[in-house]
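Engineer: Below, each chain spelled out in residue letters.
2 protein chains.
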Amino acid sequence: MEKKCEAPIGVFDSGVGGLTVAREIMRNIPNERIVYFGDTARVPYGSKSKNTVLRYSRQIIRFLRTQEVKAIVVACNTASAYALEEIRKELDIPIIGVVRPGARVAAEATRNGRIGVIGTEATVSSGIYSQFIREQNPKLQVLGKACPLFVPLVEEGWLKDPVTVEVASRYLRELMEQGIDTLIMGCTHYPLLRSTLRDIVGEDVTLVNPAYETARELGELLKREHLENPCSGDCEAERYQFFVSDLAEKFRQFANSILPFDVNRTRQINIEEY
Amino acid sequence: MEKKCEAPIGVFDSGVGGLTVAREIMRNIPNERIVYFGDTARVPYGSKSKNTVLRYSRQIIRFLRTQEVKAIVVACNTASAYALEEIRKELDIPIIGVVRPGARVAAEATRNGRIGVIGTEATVSSGIYSQFIREQNPKLQVLGKACPLFVPLVEEGWLKDPVTVEVASRYLRELMEQGIDTLIMGCTHYPLLRSTLRDIVGEDVTLVNPAYETARELGELLKREHLENPCSGDCEAERYQFFVSDLAEKFRQFANSILPFDVNRTRQINIEEY
Chain A
1 MEKKCEAPIG
11 VFDSGVGGLT
21 VAREIMRNIP
31 NERIVYFGDT
41 ARVPYGSKSK
51 NTVLRYSRQI
61 IRFLRTQEVK
71 AIVVACNTAS
81 AYALEEIRKE
91 LDIPIIGVVR
101 PGARVAAEAT
111 RNGRIGVIGT
121 EATVSSGIYS
131 QFIREQNPKL
141 QVLGKACPLF
151 VPLVEEGWLK
161 DPVTVEVASR
171 YLRELMEQGI
181 DTLIMGCTHY
191 PLLRSTLRDI
201 VGEDVTLVNP
211 AYETARELGE
221 LLKREHLENP
231 CSGDCEAERY
241 QFFVSDLAEK
251 FRQFANSILP
261 FDVNRTRQIN
271 IEEY
Chain B
1 MEKKCEAPIG
11 VFDSGVGGLT
21 VAREIMRNIP
31 NERIVYFGDT
41 ARVPYGSKSK
51 NTVLRYSRQI
61 IRFLRTQEVK
71 AIVVACNTAS
81 AYALEEIRKE
91 LDIPIIGVVR
101 PGARVAAEAT
111 RNGRIGVIGT
121 EATVSSGIYS
131 QFIREQNPKL
141 QVLGKACPLF
151 VPLVEEGWLK
161 DPVTVEVASR
171 YLRELMEQGI
181 DTLIMGCTHY
191 PLLRSTLRDI
201 VGEDVTLVNP
211 AYETARELGE
221 LLKREHLENP
231 CSGDCEAERY
241 QFFVSDLAEK
251 FRQFANSILP
261 FDVNRTRQIN
271 IEEY
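Protein sequence lines, in the order shown, are assigned to chains A and B. So the first sequence is numbered by this note's numbering: it starts at 1 and just counts up by one. So the second sequence is numbered by this note's numbering: it starts at 1 and just counts up by one.
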């Protein structure tokens, strides 16, 4: 049992976006080890089908199991929307996604009952945020908007650029006209646009970052299941491990730009073999 | 031998972009049958590594061989840049890419010796256009610029949008300042932005569409190798066949918007099995 508690958390995403979730886990439950996998050979997931995202997610989970993880975080909204419920049935360790924690907090935060959700085409068209929010409170109204240009704009590094402001204004216009008072950043890249989004929606709209809520919920889950790591940072040589399916060096550079420490090593694996 | 002449041409791309090449083949050598494959489960290729693009290309070629194609067109600049030379060594049927025909025509078209190339990160950083252009004429100067937002802008349908004009102006500014008189649209999506690009570069810059040049070169190759299809359209029930690795219906709709006829059927296969 003690050995299991010291096992790492498996965290995966289609690419680099899930690092915003890993970052929150590192901040909020710093005792935990992490094995991160980014599927950079097949990124993005947000424009792909449910079956494809499910097949990719299963391969990644088979890989993470080889790393003897004690729990799994699906740090990707699309995979959380399309694959989580199926995969949970197949697993004997805890697994959580980013959608339910984000939905729960948004349902608590809204005052006028109108919640906006921005995300990939897949996440928005799945209706999963709407479903989870209405489980909390069937009276709430959920308005979705796919924002397919946000991920490439973030990856281009144009975080506060006039082009990004114009694109974001256009994407958000309809949601703002509908009078939302809460906006879920339903894609792991979007918190990197927080400042631009804040300028557009103003101070009266609550911005929900599911990454933060997920890290909190993971902490509670580990406590409840008696899976917390009793070890502090000293007992582990390689606290955080990073694996990708392509372009390890490019990933490492991106990781170094958003994590609070330098990643020394990222390993590449052939995910299709799992 | 006759049977082989009636065999189809295999055409592949990371997704829908290669349809601009297929369209030119249909226009220029209308007797030829086509089996098109779009790797929509793993699109895009332009931000991935050489080894990954090579592995994916090999899988696709194994699939196309099961369709008994008589020749292969790599209708993707990234795969042409990263995989074509390796793959050619492994094949006993003719294969051509889009880069060499585009490079040849650009070298012929320039008057001041300054050629611009726009494409994905992979295509531009590979330096392959530069290499092929200098093989034609070592004195020519080649200036590359990666335009990673163009593909998502095209897929969003913002072909003549002010946002696209601003992004394109910014991407092209440096090339224009360097005084290019010829610009290669080095990604199969870019011809769909031709009108916006034309407005920015003006009438004095020659726009090279490698798709068109590739179709012409393919026609010459088939003639030279005595592989031309003697059959006119009447003898073949299914002249053009379309396969994808994901989202067949979405692909079909996009295909219908850019091809001069309606695609009735697109079949999905699991490309990882090849």
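Watch out, some of these pointers could steer you wrong.
Said to hold, decoys possible - With a cut-off of at most 27 Å between alpha-carbon atoms, the simulated DSSO-like pairs for lysine-lysine come out as follows:
hint: 1; chain 1: B; residue 1: 145; chain 2: A; residue 2: 145
hint: 2; chain 1: A; residue 1: 50; chain 2: B; residue 2: 250
hint: 3; chain 1: B; residue 1: 145; chain 2: B; residue 2: 160
hint: 4; chain 1: A; residue 1: 160; chain 2: A; residue 2: 145
hint: 5; chain 1: A; residue 1: 4; chain 2: A; residue 2: 139
hint: 6; chain 1: B; residue 1: 250; chain 2: A; residue 2: 250
hint: 7; chain 1: B; residue 1: 250; chain 2: A; residue 2: 160
hint: 8; chain 1: B; residue 1: 160; chain 2: A; residue 2: 160
hint: 9; chain 1: B; residue 1: 160; chain 2: A; residue 2: 250
Rather than coming from a laboratory, the hints here were simulated on the basis of the structure.
Engineer: What are the numbers of the hints the structure violates, in ascending order?
Structural biologist: Violated: hints 1, 5, 6, 7, 9.
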